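The numbering used here applies: residue 115 is where the sequence shown begins, and numbers increase by one.
Honestly, the hints are just simulated from the structure, not real lab data.
Please read these numbers as outputs of a predicted model, since none were measured by experiment.
Watch out, some of these pointers could steer you wrong.
[Claimed, not checked] Distance ranges between label pairs, derived from CB positions: (1) R181 - D251: 10 to 20 Å; (2) V253 - D231: 10 to 20 Å; (3) D217 - E185: 18 to 28 Å; (4) D171 - G243: 37 to 47 Å; (5) P187 - L230: 18 to 28 Å; (6) R209 - V253: 18 to 28 Å.
We put the beta carbon where it would ideally sit given N, CA and C, even for glycine.
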Amino acid sequence: MKRRAILVSCGVLTGLGGCLNRGGEPTDNTSNTSNTTTPNSTAANDSTADDTETDSDRPSYVVTVSREDVEQPDNSCHFEELPEGAQEEVETARRNLDTDSDDSGSHDVYGSAELLDTECYNTYIEYDGQYYWTSIDAVGG
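From just these sequences and the hints, can you work out the full model?
Take a look at the structure:
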């Protein structure tokens, strides 16, 4: 009976040591542990690793514009006043509005959306005399 208690307590201590990273390698918070695989993991299998989607394959944000028939909205920005990167995001979404059959056009942004660095998201943006409702949605993962 004493032997069993020793084995159980040893197992508990080993488990706690592993959770607290004692007795193992030092923790490196800057390393990316998502690439670490074990021989039995499905990520180690080449056929399934190629079929999975990674976070870098998905956009971080989606900029969406829709053409609105409004005269002079109370809350609006002028396209020309936006920083160059934000102009590019709005312009690309607006171009997609012209080519899509939907009522809105969108543009996928990988990384940080520059439009978020302005006060001109989730508001109207005036572009060539036409107002566009512009919104940004974060893509969940």
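For each hint, the structure was consulted:
A hinted range of 10 to 20 Å for the beta carbons of R181 and D251 is consistent with their spacing of about 18 Å. A hinted range of 10 to 20 Å for the beta carbons of V253 and D231 is consistent with their spacing of about 18 Å. Look at D217 against E185: about 19 Å separates their beta carbons, and that is inside 18 to 28 Å. A hinted range of 37 to 47 Å holds for the C-beta pair D171 and G243, which are about 38 Å apart.
Under the hint 18 to 28 Å, the C-beta atoms of P187 and L230, about 20 Å apart, fit the expected range. Restraint check, R209 to V253: a C-beta distance of roughly 20 Å satisfies the suggested window 18 to 28 Å.
In terms of the numbered hints stated before, the structure departs from none.
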